[in-house]
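K.L.:
Put chain Z on the given structure of chain U with help from the hints.
Next come the chains, spelled out residue by residue.
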Amino acid sequence: MADLFGIGLTGLRASQTQLAVTGQNITNVNTPGYSRQSALQATQVPSYTGAGYIGNGTKVVDVSRIYNQFLTNQVRTSTSTNSEVQAFQSQLEQLNTLVSSSATGITPGLQSYFDALQTAIEDPANLPARQLVLSEAEGLASRFNTVHSSLNSQNQFISQQMTTLADQTSRLATSIAQYNDSIAIASANGAQPNDLLDARDEAVRQLSELIGISVVQQDDNTLNIFVGSGQPLVVGKEASTLAVRSGSADPGRVEVVLKSGNSVQDITSLVSGGELGGLLKYRNDVLDPALNAIGRLALSISSEFNSQQGQGLDLNGNAGAALFNDVNSPELVDGRSYARATNSDPDAKLSVRISDTSQLSTSEYDVVFTSSTQFTVRRTSDDSVVGPFDLTSVPPPELDGFTIELGGGGIAAGDRFLLTPTRFAAAGMEVVMDQPQELAFAAPAVVDTNLDNRGTGTMSQPTLIDGPAPIDPAALQGLLPIELGYDAASGELQVSSGTATLNPSPLVITPGQTNSVEVTVGAYTFSMSLTGTPKDGDSFSLNFNTGVADNRNALVMSELQSAKVLGQANGAEGFSFVDGYGDLVQRVATFTAQARTDAESSQAVLVQATNNRDSVSAVNLDEEAANLIKFEQYYNASAQVIQVARTIFDTLISSIR
Amino acid sequence: MRISTIQQFNSGVRGISDNYSSVTRTQEQISSGKRLLTPADDPVATVRLLQLNQESNRLEQYSTNMTAANNSLTQEESILNSVNNALQRVREIAIEAGNGSRNDDDRKALATELEQREQELFNLFNTRNARGEYLFGGFQSSEAPFVKNPDGTYTYQGDEGQRSVQIAGSKTVPINDNGKDLFVNIANVNRVNTEATATNTGTARISLGTVENKTEYDSTFYPQGSVGIVIGAGTYEIVDSGGLPLVPPVTGALELEDDGSYNIRYAGVSVKLDGDLQPGDSFTISTGDSTATSTNRETRGVLETVSLLRQTLENGTATTGDKLQLRDVIAVSLDNLDNAMNNVLSVQTTIGARMNVIESTQTENEEVALINTTVTSQLEDLDYAEALSRLSLQSVVLEASQQSFVKVSSLSLFNLLR
Chain U
1 MADLFGIGLT
11 GLRASQTQLA
21 VTGQNITNVN
31 TPGYSRQSAL
41 QATQVPSYTG
51 AGYIGNGTKV
61 VDVSRIYNQF
71 LTNQVRTSTS
81 TNSEVQAFQS
91 QLEQLNTLVS
101 SSATGITPGL
111 QSYFDALQTA
121 IEDPANLPAR
131 QLVLSEAEGL
141 ASRFNTVHSS
151 LNSQNQFISQ
161 QMTTLADQTS
171 RLATSIAQYN
181 DSIAIASANG
191 AQPNDLLDAR
201 DEAVRQLSEL
211 IGISVVQQDD
221 NTLNIFVGSG
231 QPLVVGKEAS
241 TLAVRSGSAD
251 PGRVEVVLKS
261 GNSVQDITSL
271 VSGGELGGLL
281 KYRNDVLDPA
291 LNAIGRLALS
301 ISSEFNSQQG
311 QGLDLNGNAG
321 AALFNDVNSP
331 ELVDGRSYAR
341 ATNSDPDAKL
351 SVRISDTSQL
361 STSEYDVVFT
371 SSTQFTVRRT
381 SDDSVVGPFD
391 LTSVPPPELD
401 GFTIELGGGG
411 IAAGDRFLLT
421 PTRFAAAGME
431 VVMDQPQELA
441 FAAPAVVDTN
451 LDNRGTGTMS
461 QPTLIDGPAP
471 IDPAALQGLL
481 PIELGYDAAS
491 GELQVSSGTA
501 TLNPSPLVIT
511 PGQTNSVEVT
521 VGAYTFSMSL
531 TGTPKDGDSF
541 SLNFNTGVAD
551 NRNALVMSEL
561 QSAKVLGQAN
571 GAEGFSFVDG
581 YGDLVQRVAT
591 FTAQARTDAE
601 SSQAVLVQAT
611 NNRDSVSAVN
621 LDEEAANLIK
631 FEQYYNASAQ
641 VIQVARTIFD
651 TLISSIR
Chain Z
1 MRISTIQQFN
11 SGVRGISDNY
21 SSVTRTQEQI
31 SSGKRLLTPA
41 DDPVATVRLL
51 QLNQESNRLE
61 QYSTNMTAAN
71 NSLTQEESIL
81 NSVNNALQRV
91 REIAIEAGNG
101 SRNDDDRKAL
111 ATELEQREQE
121 LFNLFNTRNA
131 RGEYLFGGFQ
141 SSEAPFVKNP
151 DGTYTYQGDE
161 GQRSVQIAGS
171 KTVPINDNGK
181 DLFVNIANVN
191 RVNTEATATN
201 TGTARISLGT
211 VENKTEYDST
221 FYPQGSVGIV
231 IGAGTYEIVD
241 SGGLPLVPPV
251 TGALELEDDG
261 SYNIRYAGVS
271 VKLDGDLQPG
281 DSFTISTGDS
291 TATSTNRETR
301 GVLETVSLLR
311 QTLENGTATT
321 GDKLQLRDVI
331 AVSLDNLDNA
341 MNNVLSVQTT
351 IGARMNVIES
361 TQTENEEVAL
371 INTTVTSQLE
381 DLDYAEALSR
391 LSLQSVVLEA
401 SQQSFVKVSS
411 LSLFNLLR
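Same order as they appear, the protein sequences are chains U and Z. Just so we're aligned, residue 1 is where the first sequence starts under the working numbering, counting upward by one. Just so we're aligned, residue 1 is where the second sequence starts under the working numbering, counting upward by one.
Source of the hints: derived by calculation from the structure; they are not laboratory data.
Within a straight-line C-alpha distance of at most 25 angstroms, the following computed DMTMM-like cross-link-like pairs (lysine to aspartate or glutamate) qualify:
1. K237(U) to D220(U)
2. K407(Z) to D622(U)
3. K323(Z) to E92(Z)
4. K349(U) to E405(U)
5. K171(Z) to D579(U)
6. K34(Z) to E600(U)
7. K214(Z) to D487(U)
8. K535(U) to D181(Z)
9. K535(U) to D289(Z)
10. K214(Z) to D536(U)
11. K564(U) to E60(Z)
12. K535(U) to D338(Z)
13. K34(Z) to D583(U)
14. K281(U) to D42(Z)
15. K214(Z) to E492(U)
16. K564(U) to D583(U)
17. K34(Z) to E93(U)
18. K59(U) to E632(U)
19. K535(U) to E212(Z)
20. K171(Z) to E304(U)
21. K34(Z) to D579(U)
22. K214(Z) to D448(U)
23. K407(Z) to E623(U)
24. K171(Z) to E573(U)
25. K535(U) to D240(Z)
26. K171(Z) to D115(U)
27. K34(Z) to E55(Z)
28. K281(U) to D41(Z)
29. K148(Z) to D452(U)
30. K148(Z) to D448(U)
31. K171(Z) to E559(U)
32. K564(U) to D466(U)
33. K171(Z) to E518(U)
34. K535(U) to E216(Z)
35. K323(Z) to E212(Z)
36. K214(Z) to E304(Z)
37. K535(U) to D335(Z)
38. K535(U) to D218(Z)
39. K214(Z) to D452(U)
40. K564(U) to E55(Z)
Predicted, not measured: the structure shown is a model, and the values here were computed from it.
Extracted from the complex, chain U is given alone in its bound form (with noise of 0.2 angstroms):
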């Protein structure tokens, strides 16, 4: 007869183990990672006897977790692109409001600027008005700056994030390490370590939220973890440390490098996924792209207002002074170009003196030198190469609307230089002209019809069309007055006194209709037009111009509001001021929205990837409920076999007495 007490004790252990185990879930039902467990039982090997094999009860064999490989994996990759997406976008969201905003926006201040200048144009003598264009300039400049301090502050911001994220990153490489160690020992035995495994697993899920990873697992229960593409941050139970620096081509943009051992690897533009990923993606695909679009808007403003500047007259008859800073002032310039640390002489410097705003790119540009005066030019938005280019040529090399000259310092083959030739101009806009006198609405000349005039011949009044710039008004007055005659029986209009070409020349006046007059004063061509009928003898006298109350330069600035100015590169119809900043609104804003939807659908992933690994991994109460009633009773059945057995045996000693 089989051992009853020992098949209910082993029932008695079963459904202990069985209650343990339900406990364990219950209690851990809220415990990140933890995958539900279930006791295996078997019976026990029975025991042979005449009658056969009888058995001899059961035994807890295994305790599982409930886990599926592939669902975790899926978890973790949704989380990565989840979390990249939701930095990114978090960024974005920022930057989508400061370039909207009507407090921080430059199209409110430029709209301002304007309608100062449309003021100031009715009445060109009011002092007053006058002073308005210039506060509204400052007020532009101002938002500039603000703007680009605000992105300058997003990028600060992104370092030290950077910096946090590589910490942590590091934490839990190292942590993974030790649990990989802590699994390799417990494993040895042949008995999963379930809990140590879920806590491995919720560190690797975590690491993925900081940035992509790559998971393999080895044949020890260990997990290799390799970032980027393919660099090691885990392997076995060695953890190598993520850090960033300060970038070696710019020290304006921190990079991430993989240090294991005594080997450092900058992994930057490796990376991708996670918070890591998403905060480089918004550094290099928006945040940096905005600064070169904000900057080449405030240079293109400053060099196209104080050229017109250069071609008027001011209250005082001077030639126009700047309203903004040069932009190729001393300090602009020395931001345009790094050396990197391991160049010949770190301290070389590239001049990028601004030739021409209209062709300026928003890309940046990476130089590199293959001897000591040639050098290819990178542009970083769409990777082409031009060059080469030789460093002593003159004039000096030119692309996009900018010089390369070597600005100080000694170069090598093999030398490399970021060029940034717009990424710091709206930080350096300001109104450098004090005195509103100084602002040149007038125009050079004015063209003055002789009193003894017999026809109906009338000259309108001259717009200069070429000139030295700025302008030379001492000069220009030598130059003038000059005096046009016509002439009837040649039909020509002539230069009868001082010296000037008329261009075309000859130049013959078709009486009654309206005639273009050109005419080249030394390096100044005037242009006019000649309308009705003059007769022989009339003139018309070119003076240089001594009013107050010209507003004919003003009005060529005020066309700025609208002139396609930007942009021009390769022929390119270009764009005004107003649209190369709606141009930036309208980027941000799609890549906003982009941000949002993307955000949005990695978030439906991750929750549709999360809800197939809790449906079979998590732990559910009713479950558990059953279990412990179900347990319950196993256990009282199983006391009730003991029951039963001293019954038996009770009746067997009572028997004999």
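P.N.:
Chain Z in isolation, oriented as in the chain U frame:
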């Protein structure tokens, strides 16, 4: 499908928070009245809105410009009206002075009034606007455009500048006119010199020459430069500057007019001969010179015309020559005054035309602004009816998700374990 407890809670909470965020968003839209809360809500519409915004700001600025231009033009027009009135009065004085019944004293009195009118015109030409800028100086607005020289003549020291303001995308309108075009560059009818030859035996006097037909004068007389009139027996002949007959010869009979003078016309120029004509007497007519002090230039300023008339009236009519001179000067002045008034009138017409342009542009701009507002509103404004019904639906959904969560989460087997 197996649902774990954590899933049940997560999905309940997620549902509530999703619903809550849509309710919040709708509420934000309703409280701001805007469909678009940030550019990312509709990037394409945002750029369109930026452009529309700029456009409507520009239209606003144009409207301000038009008001300013209208003010300037209205002021100029009213000054020109006063100028015209003054010129009208000067013309009346000239006619009155020509009245044969008036004596020298009467004319002195008229000259005194004329002096006042001259001063009035001078002041009007130097009108300043509210900001103290001279209206008629062209670009030279800070100094008086007309100055009176010690010798009584006037100089225009402004220029021919004309200021424009922008009133539409590609439309500018001039807001001032310069004194030179208005008051100085006035065609002078007395643009020829006349002279009796010193050796004439008769005492006849040649009047001031007037150009009656400018086209003929320009085409025939001006190229000749100078012609002579040679008197025959009851006839006259026009000869060239060398005294030779023209080809073909130009001759005519001397016929006494009602006022006792002989009128001779040649190539658009008209002169009168008064007094005793003897055969063989000759006179010359030549084109005027262009020195600054000449009274026979192509043009004569309004102030010069008035001043010349005044001086002639002041001179008196002691001799026959003076009387004839008075007659000639009055005739010339009347013509020149007519020219001046016509000139002012034509500028007034231009001003009217400009104001019409401003008015029609204003209407156009307002229409464009209206369309802009409509489009802007369609792009960014909220459809309240839709939003409010959306809000109630979303609130219902939110409440439902909250209540159902409470209901479902209380379903636990443990509650039944007693």
